[in-house]
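Protein chains: 2
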Amino acid sequence: MISKATVKWIRSLENKKGRETTGQFLAEGHKVVSDLLPLLECQLLVATNAWLQTYKPRIKGEIIETDQATLDRISLLKNPQQVLAVFKQPNSLVSPEDVQGQLCLALDTIQDPGNLGTILRIADWFGIHYLICSPDTVDAYNPKVVQATMGAIGRVNVVYTPLETFLPATGLPIFGTFLEGTPIHQADLPAAGIVVLGNEGNGISKPIADLVQGKLYIPDYPAGQTGSESLNVAVATAIVCHEFRRRLQG
Amino acid sequence: MISKATVKWIRSLENKKGRETTGQFLAEGHKVVSDLLPLLECQLLVATNAWLQTYKPRIKGEIIETDQATLDRISLLKNPQQVLAVFKQPNSLVSPEDVQGQLCLALDTIQDPGNLGTILRIADWFGIHYLICSPDTVDAYNPKVVQATMGAIGRVNVVYTPLETFLPATGLPIFGTFLEGTPIHQADLPAAGIVVLGNEGNGISKPIADLVQGKLYIPDYPAGQTGSESLNVAVATAIVCHEFRRRLQG
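Order-wise, the sequence lines are chains A and B.
Position 100, counted from 1, in the first sequence is what our numbering calls 100; the numbers after and before it change by one each time, with no gaps.
Position 99, counted from 1, in the second sequence is what our numbering calls 99; the numbers after and before it change by one each time, with no gaps.
Pulled out of the complex, with its shape left as it was, chain A reads as follows (with noise of 0.2 angstroms):
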């Protein structure tokens, strides 16, 4: 038995306010509630008696055995699965030290939720550690971010933070895409930097790019030639990071 109060709760996790209020967030479905009970403080599990049959979760938080029917109902997801979980969110605090000697991405006013959640995944893939986000990214714990990270989100920092301040502090290079910029694959890429991505309408803010050191392109083919404009977001996020990281793989 579920109260309305509980239901109430999880309701308001769809919202930044809500979330903000908490300090939790929301996670649905198998997949991605088994990828984050081992990563994060759980403090709810709503699950089918299957489900929790199957599973046999342990958790700080409590844990209610309802029918799907009712599942169906809390669900914020088009095709409710059989288990749903309120996590806390872990600290979002970096300071330029914690981040020295490595190669983080800074997301310049990122606007789509599945953009951020596929960034959050190849950032997984390639072993970085902080994404450093401007305070207008959209949210990290937006349950349709949370669904599409697979688990990425219990792995890999999210701040926000002013990137204007904060990227000079680290005293790290600071990269990124630009059409007048090197081929990449023909570029000094070091170990540790930093790569923003910029927003999917506007590019990289005109104070973020006067900071940019590194200016990168990744080349169209035939160069110039083709009839396209751009790249998504996450698509360049994911050639850079390749690029940045094959240089350590000889």
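Simulated from the structure, these hints should not be mistaken for laboratory data.
Certain hints may be false.
Quick list of in silico lysine-lysine cross-link-like pairs, DSBU-like style, CA-CA up to 35 angstroms [unchecked claim]: (1) 144/A to 8/B; (2) 31/A to 206/B; (3) 78/A to 56/B; (4) 206/A to 16/B; (5) 31/B to 206/B; (6) 8/A to 144/B; (7) 31/B to 16/A; (8) 31/B to 78/A; (9) 144/B to 31/A; (10) 16/A to 78/B; (11) 88/A to 78/B; (12) 31/B to 144/A; (13) 144/A to 17/B; (14) 31/A to 16/B; (15) 144/A to 144/B; (16) 78/B to 17/A; (17) 17/B to 78/A; (18) 17/B to 4/B; (19) 31/A to 17/B; (20) 16/A to 206/A; (21) 56/A to 4/A; (22) 16/B to 78/A.
Given chain A, work out where chain B should sit, using these hints.
Using the frame of chain A, we list chain B on its own:
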């Protein structure tokens, strides 16, 4: 004034059956419509007076001026736009001779319209002219794909044909990504070949995997030590295309 029959016609293009029967598809919004107008035959254009006055389109088919309220009613989008248009689907036949000397992508049961749209944009950026799709791959003229392609669907040929007969008939070397493959940045990659992209959940199917001569791997970092299980298929496509093309660019 727009007739009930015309509205019914436009709406029928939401479904694969309607698109197959008519050989047409629907595009919405200024960006997509104006990208496609110079590339494909437009058979109907519905727009507000303001849009028509600004852009003065010349098309073979009928132009209907209407008000925003009517467009809002007809539109398949959450945020209806000032213009929508019905285009003729381009000829979608391909012979093994057509692809000689080229780099092509083969899609083995790609299901997500967003992924197909992103892959189309990637193909466009990298000057890839043919997307060879298994018959059960999502329809490229699905409105969600069209909206995601940013005009690429007018420049890249998308053909549906059984991969198990078409791929060997080309005589081109066949590549795919596999966990046991060669790290892609160290692999010998030719200028021409076919890269197979597998289903989102199941990867490349057994009969098609058996055709692959070049097994490639996109290295995670540090190798084998990330918690991440996989990259999104469109993200993997981008890295593979970049690796093939950079070999041709010095």
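Verification of the hints:
no., hint, in the structure
1, 144/A to 8/B, "holds, 33 angstroms"
2, 31/A to 206/B, "holds, 24 angstroms"
3, 78/A to 56/B, "violated, 41 angstroms"
4, 206/A to 16/B, "violated, 44 angstroms"
5, 31/B to 206/B, "violated, 40 angstroms"
6, 8/A to 144/B, "holds, 33 angstroms"
7, 31/B to 16/A, "holds, 31 angstroms"
8, 31/B to 78/A, "holds, 29 angstroms"
9, 144/B to 31/A, "holds, 26 angstroms"
10, 16/A to 78/B, "holds, 21 angstroms"
11, 88/A to 78/B, "holds, 32 angstroms"
12, 31/B to 144/A, "holds, 25 angstroms"
13, 144/A to 17/B, "holds, 30 angstroms"
14, 31/A to 16/B, "holds, 31 angstroms"
15, 144/A to 144/B, "holds, 18 angstroms"
16, 78/B to 17/A, "holds, 24 angstroms"
17, 17/B to 78/A, "holds, 24 angstroms"
18, 17/B to 4/B, "holds, 20 angstroms"
19, 31/A to 17/B, "holds, 34 angstroms"
20, 16/A to 206/A, "holds, 27 angstroms"
21, 56/A to 4/A, "holds, 25 angstroms"
22, 16/B to 78/A, "holds, 21 angstroms"
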